[in-house]
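Undergrad: Sequence:
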Amino acid sequence: MKYKVAIYCDKLYAGDILWGFTAAGHEAQIITPTSIENFDKLMELINPDLLILSSYMGYFQHSMLNHIGSRNSPNYKCVCWDTEGIGQYDLQMTGFELSKPDMIFSICPEMLEKLKSKSIPCERLDFAYNPTIHYPKSISANENNTISLVGNAWLWYSNHYPEHFRYRKAIPIILKPLIENNYKIDFYGSTEYKQVIKNFLNLDVPMEWFKGTIPYEKTCDIYNNSFINLITQNHDQTITRRTFEILGSGGFGLSCYNTAINNMFGNSGAMAIANSSDETLELLEYYSKNIDEYIKVRKNAVTSVQNHTYKERAEEIINKIFITAK
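Residues in the sequence shown are numbered consecutively from 1, following the UniProt record's numbering.
Calculated pairs, BS3-like style, for lysine-lysine (alpha carbon to alpha carbon, straight line, at most 27 Å):
| # | residue 1 | residue 2 |
| --- | --- | --- |
| 1 | Lys100 | Lys2 |
| 2 | Lys311 | Lys77 |
| 3 | Lys100 | Lys41 |
Restraint ranges, calculated between C-beta atoms of paired labels, are given here:
| # | residue 1 | residue 2 | range |
| --- | --- | --- | --- |
| 4 | Asp102 | Thr146 | 42 to 48 Å |
| 5 | Asp278 | Lys184 | 17 to 23 Å |
| 6 | Leu45 | Leu91 | 26 to 32 Å |
| 7 | Lys11 | Arg168 | 28 to 34 Å |
| 8 | Leu45 | Trp156 | 37 to 43 Å |
| 9 | Thr213 | Thr132 | 18 to 24 Å |
Quick caveat, the hints were computed from the structure, so don't treat them as lab data.
Idealized CB from N, CA, C, for every residue including glycine.
Using the sequences and the accompanying hints, generate a full structural model.
TA: Right, dumping it as structure tokens:
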């Protein structure tokens, strides 16, 4: 059955979710209401079967969420896709309590435990990738051995939550050994990583290593053209969005170990996974010397995520809300 879907979220997620529902055969549309009155007009015009709210809940005004939560016997179902997890628990829960979704999907098992303890309907839904944006362009070895890191360090967050997984485990395992051993890293994103690395590792990174921000649509080129793409995870039981995008691009990913990565990709041969700073160096040196094995990993990367596109995620949502719920 074909469903009509209204997507209301930050543009960072909206396009990929739109592609997912469209690819799954549904009629999807992004809405960007400017007011409550405008929201009501859009909903009347679209007459959706499903309203999906994604992003971190701070994206939405409380008045809008409260209005959505006060809907009376609507013709549509409302779901939230929690992309933040337990690290933004208070912010996310406030949004959920105001909007009163019929179901919450979350990338984070720990968040799901909290929701279940409150008897809130919820299901696990991991990140994914959009194969029209992230796809393999060249499965070959980069001759200049470029090591890249795409992403932001969130300096403010690191100051307020210094025990976060990213700062206490991921960055020391992945970045520290490379910087200490003079491996140049191309950083794409804000320059906040420089201060975060100084704060947590007491290491200085040259400003010329920072390449500035790049459009989301251009990240595929970085993943394809880099010899190694560094991946810092955010939690022991979640997998970052960028992980799926690097693998979908056919890039070579080097990630710190966590339970979620091990469970989903541990035996796939699709990426390198380091559980210590020494292992980071060992993996880098091994694949630099064994190019055939390196190429094999990049090929495995693409096949490992074929069932992890936003099309599959859209189908999971539709199946849970309209089929198994009956």
